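Going down the list, the protein sequences come from chains A and B. FYI, in my numbering the residues of the first sequence are 1 to 145. FYI, in my numbering the residues of the second sequence are 1 to 440.
The set of hints was computed from the structure by calculation and includes no laboratory data. Where hints are given, some of them may not hold.
To be verified - Derived lysine-lysine pairs resembling DSSO-like cross-links, with alpha carbons at most 30 Å apart:
id, chain 1, residue 1, chain 2, residue 2
1, A, K33, B, K396
2, A, K52, A, K6
3, A, K52, B, K273
4, B, K2, B, K38
5, A, K44, B, K273
6, A, K6, A, K44
7, A, K106, B, K38
8, B, K3, A, K6
9, A, K6, A, K125
10, B, K278, B, K267
11, B, K2, A, K6
12, A, K80, B, K140
13, B, K105, A, K43
14, B, K396, A, K86
15, A, K6, B, K105
16, B, K3, A, K106
17, A, K86, B, K267
18, A, K6, B, K218
This one's a predicted model, so the numbers in the text were calculated from it and none came from an experiment.
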Amino acid sequence: MRLNTKRFISAILVTSFFIYSIVIYTTGTSVDKGAKWRTGQSKKGKLLFQQKNCIACHQIYGLGGFMGPDLTNVISAPGKGSFYIKAFLMNGTERMPNFHLTDTEKDEIVAFLTYTDKTGVSPVKHFTLNYDGTVNWKGHDEKAD
Amino acid sequence: MKKQISIYFILFAILALLGGVLFGIIGAFQFIIPGFFKSIPFIQCRPLHVSLVIAWIFLSAVGGIYYYLSRYCNVTLYSTKLPRIHLWIFILTGFMILGAYLAGKFGGKEYWEFPPVLAIPIIISWILFGFNYFKTVFTKTDPWPVYIWMWGTGIFFFLFTYMESNLWVFPYFRDNLVRDITVQWKANGSLVGSWNMLIYGTAIFLMDRIKNDDTISKSRLAFIMYFLGLINLIFNWAHHIYIVPNALWIRYIAYGISMTELIILGKIIWNWKKNLSKALQDFHILSIRFIVASDVWILLNLVLAIALSIPAINIFTHGTHLTVAHAMGSTIGINTMILIASCLFLIPDIAQKQFSALQGRLISIGFWIINIILLFFWLALIFAGYIKGYLIIQDKLIYQDIMLQIRPYMATVAITGVAIFAGMLMIFTPALKMIKDYLR
Numbered sequence: 001m002r003l004n005t006k007r008f009i010s011a012i013l014v015t016s017f018f019i020y021s022i023v024i025y026t027t028g029t030s031v032d033k034g035a036k037w038r039t040g041q042s043k044k045g046k047l048l049f050q051q052k053n054c055i056a057c058h059q060i061y062g063l064g065g066f067m068g069p070d071l072t073n074v075i076s077a078p079g080k081g082s083f084y085i086k087a088f089l090m091n092g093t094e095r096m097p098n099f100h101l102t103d104t105e106k107d108e109i110v111a112f113l114t115y116t117d118k119t120g121v122s123p124v125k126h127f128t129l130n131y132d133g134t135v136n137w138k139g140h141d142e143k144a145d
Numbered sequence: 001m002k003k004q005i006s007i008y009f010i011l012f013a014i015l016a017l018l019g020g021v022l023f024g025i026i027g028a029f030q031f032i033i034p035g036f037f038k039s040i041p042f043i044q045c046r047p048l049h050v051s052l053v054i055a056w057i058f059l060s061a062v063g064g065i066y067y068y069l070s071r072y073c074n075v076t077l078y079s080t081k082l083p084r085i086h087l088w089i090f091i092l093t094g095f096m097i098l099g100a101y102l103a104g105k106f107g108g109k110e111y112w113e114f115p116p117v118l119a120i121p122i123i124i125s126w127i128l129f130g131f132n133y134f135k136t137v138f139t140k141t142d143p144w145p146v147y148i149w150m151w152g153t154g155i156f157f158f159l160f161t162y163m164e165s166n167l168w169v170f171p172y173f174r175d176n177l178v179r180d181i182t183v184q185w186k187a188n189g190s191l192v193g194s195w196n197m198l199i200y201g202t203a204i205f206l207m208d209r210i211k212n213d214d215t216i217s218k219s220r221l222a223f224i225m226y227f228l229g230l231i232n233l234i235f236n237w238a239h240h241i242y243i244v245p246n247a248l249w250i251r252y253i254a255y256g257i258s259m260t261e262l263i264i265l266g267k268i269i270w271n272w273k274k275n276l277s278k279a280l281q282d283f284h285i286l287s288i289r290f291i292v293a294s295d296v297w298i299l300l301n302l303v304l305a306i307a308l309s310i311p312a313i314n315i316f317t318h319g320t321h322l323t324v325a326h327a328m329g330s331t332i333g334i335n336t337m338i339l340i341a342s343c344l345f346l347i348p349d350i351a352q353k354q355f356s357a358l359q360g361r362l363i364s365i366g367f368w369i370i371n372i373i374l375l376f377f378w379l380a381l382i383f384a385g386y387i388k389g390y391l392i393i394q395d396k397l398i399y400q401d402i403m404l405q406i407r408p409y410m411a412t413v414a415i416t417g418v419a420i421f422a423g424m425l426m427i428f429t430p431a432l433k434m435i436k437d438y439l440r
């Protein structure tokens with residue numbers, strides 16, 4: 001392969017990387033079905049979620065550790081909800097430490113999980129498969145506000 | 001006599017790996033025995049494990065590149081001071097990160113959980129590395145072999161994707177959860193592609209150097225595969241986040257690009273017999289042996305990766321231990337095998353010594369232990385992932401009951417993890433002894 005060909009392909013790919021990145025940052029991620037639930041409290045809760053490293057054990061959209069359950073829809077799950085979350089935060093469990101959060105902090109975590117719940121569904125349990133290997137993402141449509 | 005800086009990179013790399021595996025074992029036992037090793041709970045153990053293993057990858061890859069560049073690539077390093085500064089920044093930042101974890105101070109995202117301010121020295125160290133690398137290789141007038149391109153690509157893209165992984169500090173990226181997760185996994189996916197460039201480049205360099213034959217590293221096919229790898233680095237990351245409700249086309253692009261890996265798979269299978277018989281002729285060379293093992297793991301993990309990239313399969317496997325099997329298979333089976341091969345080439349080369357017959361035998365036993373046990377470790381994760389995925393979709397059991405169902409497999413992971421650690425000790429004890437003798 002000639003040097004100029006290599007340089008040309010590299011330039012095309014590097015340019016594509018930057019253009020694709022900008023498209024991802026904008027139109028690719030512009031939809032937020034939970035925008036109405038995105039409040040100052042939920043934003044603080046999100047940072048707190050990071051500071052306590054909750055993701056080491058829990059998942060959001062199936063991403064994270066597997067010690068504890070996926071929390072994406074814990075707020076709307078039957079038999080769960082904000083009181084359920086607060087009970088765990090208050091006492092911890094055999095596997096989960098008690099983080100000694102204040103009442104305000106617990107409310108912030110709940111606000112963040114409420115917002116998260118409105119953004120979509122995880123795990124997706126209702127779907128149909130297509131012959132080309134793709135999936136009809138019915139679960140996401142169901143969660144529209 | 002001034003000691004080779006690369007040996008310090010390798011020394012810290014080996015210590016990081018051993019520490020990382022140790023925390024991994026503790027974490028695995030915490031899965032099956034609640035309350036195990038309470039002084040370092042799982043929320044600390046996991047980031048300690050991940051960060052130390054990442055440190056192993058970077059320290060050993062970077063140490064190797066500094067050495068190979070100046071010793072074998074017909075160039076003089078632009079600066080010999082910058083690698084020392086690079087090492088110091090890396091080590092000091094590393095200790096601060098470990099200290100932050102042990103003190104329970106987090107704040108970052110998954111895999112980079114340390115307080116985000118510590119990303120600044122990491123970025124600075126990579127700028128120095130990139131500056132030194134490109135200033136050095138641009139003096140090379142003869143045609144560059146593919147590994148020089150791969151190392152440069154790895155450095156360039158790591159820098160950008162690592163900075164990208166920190167974009168969440170800006171509210172525009174952080175506040176919208178879908179954007180936040182998408183950008184995080186875009187960065188993480190490409191970042192792994194970047195370090196793969198550094199590592200696979202090292203594998204090609206080693207084969208080239210050991211066989212004293214640069215026809216492969218300058219061949220047209222090598223460059224075609226390199227560009228295919230680069231396309232995957234840029235576009236195929238979204239298979240990690242098929243279920244995140246971002247634009248649908250992101251998923252279709254990732255799916256389409258992921259399937260180009262079938263070309264790589266086809267090439268491996270097509271050349272399998274020829275390459276294997278060639279490799280077996282040189283199986284007595286320790287570095288070659290580890291590269292042959294990495295070839296086997298590439299095949300296994302590529303099949304798994306392609307399967308996981310198909311949305312209709314991914315919907316069952318996402319968020320299960322099948323993903324972990326892929327991550328572990330790649331990190332231990334591919335990356336670590338290649339980087340051990342690099343260490344076993346580099347350390348005797350710098351020390352101007354050979355391993356004794358006894359040391360060679362010990363390394364050889366370690367090699368077989370790691371590879372055979374890793375297969376059981378990997379299969380246990382695959383079975384655990386399969387069962388977990390099935391039970392989650394079935395939706396009849398609560399999460400902790402599902403975890404109870406996979407407990408025997410997790411116990412296998414923990415126990416085989418101990419055996420892998422023992423195998424690593426067998427490999428690295430002679431290597432550390434040689435480093436110690438050299439530094440004395």
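Now for the hints, and whether the structure bears them out:
no., hint, result
1, A/K33 <-> B/K396, "28 Å, holds"
2, A/K52 <-> A/K6, "46 Å, violated"
3, A/K52 <-> B/K273, "51 Å, violated"
4, B/K2 <-> B/K38, "44 Å, violated"
5, A/K44 <-> B/K273, "57 Å, violated"
6, A/K6 <-> A/K44, "47 Å, violated"
7, A/K106 <-> B/K38, "24 Å, holds"
8, B/K3 <-> A/K6, "37 Å, violated"
9, A/K6 <-> A/K125, "46 Å, violated"
10, B/K278 <-> B/K267, "16 Å, holds"
11, B/K2 <-> A/K6, "39 Å, violated"
12, A/K80 <-> B/K140, "64 Å, violated"
13, B/K105 <-> A/K43, "19 Å, holds"
14, B/K396 <-> A/K86, "25 Å, holds"
15, A/K6 <-> B/K105, "45 Å, violated"
16, B/K3 <-> A/K106, "54 Å, violated"
17, A/K86 <-> B/K267, "54 Å, violated"
18, A/K6 <-> B/K218, "12 Å, holds"
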